[in-house]
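Sequence order for the protein chains is D and A.
According to my numbering, the first sequence holds residues 1 to 708 in order.
According to my numbering, the second sequence holds residues 709 to 893 in order.
Keep in mind the hints are simulated off the structure, nothing from the lab.
These figures come from a predicted structure and were not determined experimentally.
Ideal Cβ positions, reconstructed from N, Cα and C, are used throughout, including at glycine.
Please note: incorrect hints may appear among the correct ones.
[As the list claims (entries may be wrong)] Take a look, some chain D residues computed to stay more than 12 Å from chain A by CB distance: (1) Gly37; (2) Thr335; (3) Phe393; (4) Pro652.
[To be verified] Only some residues are given here: those of chain D computed to face chain A with a beta carbon under 10 Å: (5) Arg16; (6) Glu18; (7) Ala26; (8) Val33; (9) Ala63; (10) Pro65; (11) Ala266; (12) Ile465; (13) Leu590; (14) Arg592; (15) Asp624; (16) Arg681; (17) Arg683.
[Said to hold, decoys possible] Here are a few chain D residues that face chain A, going by a calculated C-beta distance under 8 Å: (18) Arg28; (19) Asp32; (20) Ser185; (21) Glu188; (22) Ala218; (23) Gly236; (24) Gln594; (25) Ile596; (26) Ile630.
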Amino acid sequence: MNPDGITAAVGESRPRIEGRLKVTGAARYTADVPVAGLAHGWVVTATVSRGRIRDIDAGEALAQPGVLGVLDHRNARRLNPDAGQYFGPDRSLPLLQDEVVAYAGRPIALVVAETPEQARAAAATVRVTYDAEPHDIEFSLAHPAARPASTLFGPEADTGDLEAELAASALVVDEVYHTPEENHSAMEPHVATAWWQDGHLHALDSDQGPFGISQVMASLFLIDPERAHIRAEHVGGGFGGKTVCGPQLILAAMAAEHFGRPVRVALTRRQVFLATGSRPPTEQRVRIGADADGRFRAVHHHAAFALSPLAEYIEWCTEQARTLYAAPAIRTELTAVPLDLLPPCSMRGPGATPGSFAFESAVDEVAERLGIDPLRLRLLNQPEVGPVSGRPFSSRRLVACLQEGARRFGWAQRDPRPRVRREGDLLVGTGVAAVAFIAGVFPSSATITAETDGTFSVRIGATDIGTGARTALIAVAADALGVGVERIRMHIGDSDLGMAAGAGGSRGTTSCAFAIVETAKALREKLAGATTPVTASVDTTPLINWRPDEDRYTYSAVFAEVTVDVATGEVRVRRLLGMFAVGRVINPLLARSQLIGGMIGGLSMALHEEGVRDPVTGRLVTADFAGYHISAHADVPGIEADFVADYEPQDPSGFNGLGEIGNAGVAAAIANAVWHATGTRHRTLPISLGRVVESVAAQDRPQAVGVA
Amino acid sequence: MTDNGRGEIETRSEISLRVNDVDYRVAVDNRRTLLDAVRDDLGLTGTKKGCDHGQCGACTVLLGGRRVLSCLTLAVAAEGAAVTTVEGLAGDGELRPIQEAFVRLDGFQCGFCTPGQLCSAVGMLAEHAAGWPSAVTRDGSPERTPELTEEEIRERMSGNLCRCSAYPSIVRAILEASAREAVAG
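The shape of chain D in the complex, shown without the other chains (with noise of 0.2 Å):
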């Protein structure tokens, strides 16, 4: 209890305090903010994936009414060819800088008019030619290209004689595992308005992080970064699509100083798959070896991604290899493959979500090969400490993840036999994976000002981008300063806030919630015996211990259960269930909403999801919801997430982040559940019709042979 007669706000379920505002349309996201003489400026994008732009003819759309005129390489102002992002320099932000095209889908035009149907209308007339030049799109982990990624998230692991022991092992799985090109596909398409005044650049922009962005903006544009003020206040979801500075905000800014006037610039939904990145294709290689009793003796995780020449990038697949199992010799390697392609961009889970797919489809292998329960072999191989790292974990709640899983799931009554359970044209099987995502805090800053009504203004550049972060910190805030949430009045979505993470790599709360929790503790100390209005500030980058003894991760088990349909190849997911340990939960309702739709984001990757390029033109086919799927209400059955207790020991308050896990280890238990009904294997996701169709087929084909 608290002075205010509260129990504590942490641990309860709330419903989202701007509910209201999204169920009355009074929210205003980035497109909904009315802006005094707005102008609209309309993308023109590149159709070759590799060339020369030999002229832009933009004559007609200059004639036409209401267009202020046409910005490309010719005439828009220079940008910062050294800018760059989380990964370092990006290449690919200096935007309509010279007539290099180097993929397609760049923006390499923008027409800027009074109405957005005029800009619309006069962008469909500019005339763009080019010199064409041979492209190479076609990704593999044997490209002559590919080279090692970066190491930036730490070294590989290296453990043990790994050749000796896959000698030495009774059982080698040696799988190779492929998923394609994922788009985020946030419901809200980016979309920025921007203006300058008096050497300032002002911006509205759907992004997942407006402190981030503005010091991106303000080195791309040479400015002081304190000159570049950006807000997010309400964002239609981002998923990691909307980390990074988008076409939308540069553009908008170029044009709005070019024009002298406000523009906005709302890319369209096909523009937001072609000219924003994705998740990479990934190729990996998995070899296990295990004894006959199934303990594991060398673990082998090569994994290889796409990515662009113009920016650095990690699609970190080897994650899982190198702490979810115990095992002699662990060995990960990761590869980039440079082509000529947009540069990707971390996608919900990012490494972990692919990474486990091919992962924990491999263990499933070792399993079935072995004839050992796939929950019992997970369980078997259970590491005391960080099987590369040798650190202690700081909380491993895995196998009471998997056992509560089990017992809900009713997993102990499973025939392990494959393609056995027939009902009419469907067969039934069910499948578990497991997921270790690991955890910590970005450096975040946060004011608290205690004010003379008794109210506390809390002000950090957090984002909610759908997470429910605006909620979560304020039972944060109220908590840590011992009052009633209705005490909280929550400032965020502005880089004028100060230094804060963004909401990503699952640690936007928990970074922010870490800096809430010591600002007011400081406060709390400047308040005895003062009077208000009393303010205290701090930035956790002193605090935070980049080189802890303990090894920090969240973890699920994924239980699913399938059917597939004979005859037409559909497979429907029937029940999925998520246990998770993701550290002492701030609001229940919000977190399992979070991971549920975490795990349905997975459902559609190991169902749906399949990003197409044409081979010739190096064009994306599948350029909207009509040729890109992701699930609908119809696709998604009774889903249950919950969490076993859990207490993270190196946050103060005992928070991880839990954003991303749900996406991770679904793909894997759904295709361990097809496996099981069906008997075929899937390495390649989606599992679409197609291919179960054709799998199925080759195996009915003697059966059939036989009865005729």
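With chain D's structure known, arrange chain A on it following the hints.
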């Protein structure tokens, strides 16, 4: 574009729109969609543009009580019809049952598809109450109102995508609010 008789090309039209029981008279570009008209001309920005292509459902509004995709409806074609947007769902500051259930049961995360989900749900419940069958209705005979199951709701709401995937909570909210919505009319 039409010739106005004086040899000039007319690209704008003045039209009457009745939105949320309020009459508006606006001059719109003939190419303007109903979606852009309610958002930009009337300032009712609750209705969202998710794809501008009729593929995501975020722009769903009620036109004459039936759900339509406002991005595929030209504003000039909606002249004279009664339009209800998300801003018109609540009455006198009170949330209607479906809105209250969405908040309480967390039927959204980012909230961007929510206006479309809500309008679609209201239209869907009316279709169901009128006895319309869906693709999963087993007995589609006109004299039978199909039971409103989770499966029916999922099928009937599948035109409204939600990338946060609040689907289970949305279905729960609709099911729970359906009886109270029927009373509320």
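Now for the hints, and whether the structure bears them out:
1. Under the 12 Å C-beta cut-off, the non-interface status given to Gly37 (chain D) relative to chain A holds; the minimum distance is some 14 Å.
2. With a closest Cβ-Cβ approach of about 30 Å to chain A, Thr335 (chain D) is found to remain outside the 12 Å limit, as its non-interface label requires.
3. Phe393 (chain D), annotated as away from the interface, keeps every beta carbon of chain A farther than 12 Å; the closest lies near 30 Å.
4. The Cβ of Pro652 (chain D) lies farther than 12 Å from every Cβ of chain A, with a closest approach of about 27 Å, so its non-interface assignment holds.
5. A distance limit of 10 Å between C-beta atoms decides the matter here; for Arg16 (chain D) the minimum to chain A is near 7 Å, and the interface restraint holds.
6. Satisfaction of the interface hint for Glu18 (chain D) is found here, the shortest Cβ-Cβ separation to chain A being roughly 7 Å, below the 10 Å cut-off.
7. The restraint placing Ala26 (chain D) at the interface with chain A holds, with a minimum CB-CB distance near 7 Å, inside the 10 Å limit.
8. Interface hint at Val33 (chain D): satisfied, since its Cβ lies 8 Å from the closest Cβ of chain A, which is below the 10 Å cut-off.
9. Taking 10 Å as the C-beta cut-off, the interface hint given for Ala63 (chain D) is violated, the closest approach to chain A being about 14 Å.
10. A cut of 10 Å between beta carbons decides the hint on Pro65 (chain D): the least distance to chain A is about 8 Å, and the hint holds.
11. Because the beta carbon of Ala266 (chain D) sits about 8 Å from the nearest beta carbon in chain A, less than 10 Å, this interface hint is met.
12. For the restraint placing Ile465 (chain D) at the interface with chain A, the shortest Cβ-Cβ distance is roughly 6 Å, inside the 10 Å limit, so the hint holds.
13. About 6 Å separates the beta-carbon of Leu590 (chain D) from the nearest beta-carbon of chain A, less than 10 Å, and the hint is met.
14. Below 10 Å, beta-carbon pairs count as interface contacts, and Arg592 (chain D) has one with chain A at about 8 Å; its hint therefore holds.
15. Checking Asp624 (chain D) against chain A by beta carbon gives a least distance of about 6 Å; that is within 10 Å, so the hint holds.
16. Of the supplied interface hints, the one on Arg681 (chain D) is violated, with its beta-carbon coming no nearer than about 27 Å to a beta-carbon of chain A, more than 10 Å.
17. Taking 10 Å as the C-beta contact cut-off toward chain A, the hint placing Arg683 (chain D) at the interface is violated, the least distance being around 25 Å.
18. With 8 Å as the threshold, the beta carbon of Arg28 (chain D) comes within range of chain A, its nearest partner Cβ sitting at about 7 Å, so the hint holds.
19. Taking 8 Å as the C-beta contact cut-off toward chain A, the hint placing Asp32 (chain D) at the interface holds, the least distance being around 4 Å.
20. Checking Ser185 (chain D) against chain A: minimum C-beta separation of about 5 Å stays under 8 Å; hint holds.
21. With a cut of 8 Å, the hint placing Glu188 (chain D) at the interface with chain A holds, because the nearest CB-to-CB distance is about 4 Å.
22. Here the hint on Ala218 (chain D) is broken, as its CB sits about 27 Å from the closest CB of chain A, past 8 Å.
23. Of the supplied interface hints, the one on Gly236 (chain D) holds, with its beta-carbon coming within about 3 Å of a beta-carbon of chain A, less than 8 Å.
24. Annotation: interface hint on Gln594 (chain D) holds; nearest CB of chain A at approximately 7 Å, less than 8 Å.
25. With a least beta-carbon distance of about 6 Å to chain A, the hint placing Ile596 (chain D) at the interface is held under the 8 Å criterion.
26. Nearest Cβ of chain A to the Cβ of Ile630 (chain D): about 6 Å, under the 8 Å cut. The hint holds.
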